[in-house]
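Novice: Sequence lines, in order, name chains C and W.
Each residue of the first sequence is one higher than the last, beginning at 1 in the working numbering.
Each residue of the second sequence is one higher than the last, beginning at 1 in the working numbering.
Just so you know, the hints here were simulated from the structure itself, not pulled from any lab data.
Even for Gly, the Cβ is constructed at its ideal location relative to N, Cα and C.
Where hints are given, some of them may not hold.
[What the hints assert, rightly or not] DEER-style ranges, computed between Cβ atoms: (1) E161/W <-> K326/C: 35 to 41 Å; (2) A160/C <-> K326/W: 42 to 48 Å; (3) E277/W <-> S127/C: 18 to 24 Å; (4) K182/C <-> G285/W: 43 to 49 Å; (5) S127/C <-> R92/W: 37 to 43 Å; (6) K65/W <-> K182/C: 21 to 27 Å; (7) W267/W <-> D39/C: 14 to 20 Å; (8) L56/C <-> W267/W: 29 to 35 Å; (9) A160/W <-> K263/C: 32 to 38 Å; (10) P38/C <-> A160/W: 57 to 63 Å; (11) E277/W <-> R80/C: 29 to 35 Å.
[Unchecked claim] Here are some, though not all, of the chain W residues that point toward chain C, as calculated from beta-carbon distances under 7 Å: (12) P148; (13) E194; (14) I203; (15) M233; (16) T273; (17) G283; (18) G285; (19) K286; (20) K327.
There are 2 protein chains.
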Amino acid sequence: MSDKIKTVGIAGAGLIGAGWAARFLARGLDVICYDPAPDAGPRVKAAVKVAWPSVLKLMGVKKVKKGKLNFTDDVEKMARKADFVQEAAPERENLKIKLFAAIDKAARPDVIIASSSSGFLPSRLQSKCAHPERVIVGHPFNPVYLLPLVETVGGEKTSAEALDRARKFYESVGMKVLRLKKEIDGYICDRLQEALWREALHILDKDIGTTEDIDDSIVYSAGMRWAIMGSFMTYHLAGGPGGMRHFISQFDPTLELPWTDLKFPKWNKALETRLVEGCEAQGEGKPVAEWEAKRNDVLVDMMLLFEKHNIASGSVVKRERKLLKKKAKR
Amino acid sequence: MSDKIKTVGIAGAGLIGAGWAARFLARGLDVICYDPAPDAGPRVKAAVKVAWPSVLKLMGVKKVKKGKLNFTDDVEKMARKADFVQEAAPERENLKIKLFAAIDKAARPDVIIASSSSGFLPSRLQSKCAHPERVIVGHPFNPVYLLPLVETVGGEKTSAEALDRARKFYESVGMKVLRLKKEIDGYICDRLQEALWREALHILDKDIGTTEDIDDSIVYSAGMRWAIMGSFMTYHLAGGPGGMRHFISQFDPTLELPWTDLKFPKWNKALETRLVEGCEAQGEGKPVAEWEAKRNDVLVDMMLLFEKHNIASGSVVKRERKLLKKKAKR
């Protein structure tokens with residue numbers, strides 16, 4: 001059915017809604033944007049204009065057949081015209097529940113209604129809908145027109161078929177689709193981001209460093225690794241040839257250390273199995289040394305790229321290059 | 001005094017110690033490595049060999065005058081020969097306190113002794129030293145020969161002069177030096193990493209996704225942003241033209257939402273000021289739109305780089321390129 005999607009309805013024309021619009025338009029889809037604000041049109045158009053060169057560069061094309069962009073302040077009109085609805089309204093649960101009920105009423109029953117919420121449960125969002133089986137969460141990341149991830153999750157009444165169709169659709173607009181095993185507040189990525197953010201605020205509150213210090217601690221180290229691999233693979237590599245299986249024997253003593261304001265989950269056999277076997281599956285049977293070599297290749301190229309762009313970790317590379325030139329002249 | 005550093009002593013020849021060795025040797029410094037294990041020599045040599053091509057590529061040179069690498073199982077011998085000591089022993093506080101006392105006894109009193117600990121307080125590490133003023137933490141990140149960050153922090157008895165000299169030395173070996181305002185368990189970066197890691201384990205424990213799902217949620221989204229900017233600048237940009245000042249008025253309602261197992265710090269005026277003014281200082285008076293454009297440029301180039309290396313977010317770009325080619329042929 002995803003082949004039949006020609007027009008995407010967007011509900012809410014803020015930063016995220018406009019980001020979706022740019023992504024869809026670049027794939028030749030028509031967009032009808034609903035927002036009660038009178039300046040929604042010019043704002044979205046300006047945002048799409050900003051996004052455009054980056055989107056084309058990423059797609060590797062000079063130009064594309066752009067979809068048509070329309071606006072309405074009538075939510076039912078948007079819902080009637082749409083083959084897929086992406087909600088991107090402000091992050092207030094009651095507002096979203098009401099909005100979903102209104103969209104559900106006007107949209108064809110086979111039209112998927114996806115929420116861009118950063119954390120509300122789909123079971124709640126679908127609770128006032130006559131056709132709740134087509135309601136899902138499809139959570140993107142800013143800038144939506146560049147970052148590929150979309151987290152999908154269904155509520156109690158969502159059908160597996162709706163999630164399958166959503167996957168096909170999101171993949172067709174260049175996205176990486178992650179499907180959660182079950183719903184949870186904050187989903188996966190925002191729980192992780194929120195933990196980092198709250199800990200950063202604790203550190204700032206304790207006056208250990210400035211916002212710049214705290215940001216620097218990320219961009220000159222862990223952040224570069226996280227662009228390549230998440231915490232699990234990072235520590236799988238830190239375990240040496242034995243990977244995560246060896247790592248957990250080492251990190252056991254640090255479990256209880258007060259190294260963040262967040263406590264560890266209670267350790268248990270099921271968690272250990274999921275952890276070790278999960279990392280080994282991610283490793284695809286390749287020796288840790290092979291992953292290390294790959295990581296090094298990418299890290300070096302990333303820092304050289306940052307040198308070119310004159311940002312963060314690249315600035316250190318640049319500084320040392322100058323130093324080396326000076327030494328060579330002596 | 002940092003100009004006079006010719007030989008660096010390393011205490012502990014594991015993953016981190018070997019990483020330091022590679023970094024120092026590439027800058028022409030001699031290294032004397034202390035480790036009681038009989039296979040320390042071959043292990044460090046093998047690790048340096050792995051590191052070498054990446055280090056040279058990053059430095060932008062085909063070859064360098066490499067320092068000499070020596071080994072000893074006698075901690076006093078290492079300490080007597082060193083102009084700077086970098087400890088990288090296993091993460092056990094008692095072991096490190098004893099090791100620091102032994103190094104302190106044998107080293108010249110002006111020699112800085114720096115710990116690679118991921119979280120112990122320098123006041124504890126220096127507690128059995130006759131010259132505690134030269135004891136600091138100098139916490140690096142794996143791979144030490146590539147990632148530029150070193151977190152430095154002094155204990156109650158550390159002199160400001162020792163921290164100044166350590167800064168000069170670390171900068172001379174291509175590092176970005178972060179100095180904490182005061183000591184805290186886990187310092188800055190490891191508190192952040194540990195919060196993310198513990199939340200990741202909570203998510204795995206609740207069986208919301210596999211280790212791969214959780215890692216994917218990072219590498220296809222937030223991780224790429226974290227290579228460029230930390231949480232503060234990320235949310236400064238999410239605040240639109242008003243930056244962080246506007247963002248906090250928006251995110252207030254989400255403070256109490258259960259989007260991680262970590263609680264927010266109690267909100268207060270001093271924290272708010274530090275947060276808003278810190279982000280505005282980081283923004284260097286440039287409009288948020290200018291930072292957005294820069295972020296987009298770097299994000300696109302990063303994803304194209306990942307496409308070349310055939311990893312994570314680049315794989316999505318590659319998939320879409322194929323799709324576009326197929327379409328064009330129709």
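Novice: Of the hints given before, which are not true for this structure?
Specialist: Result: hints 1, 2, 3, 5, 6, 7, 8, 11, 16, 17, 18, 19, 20 break, sorted rising.
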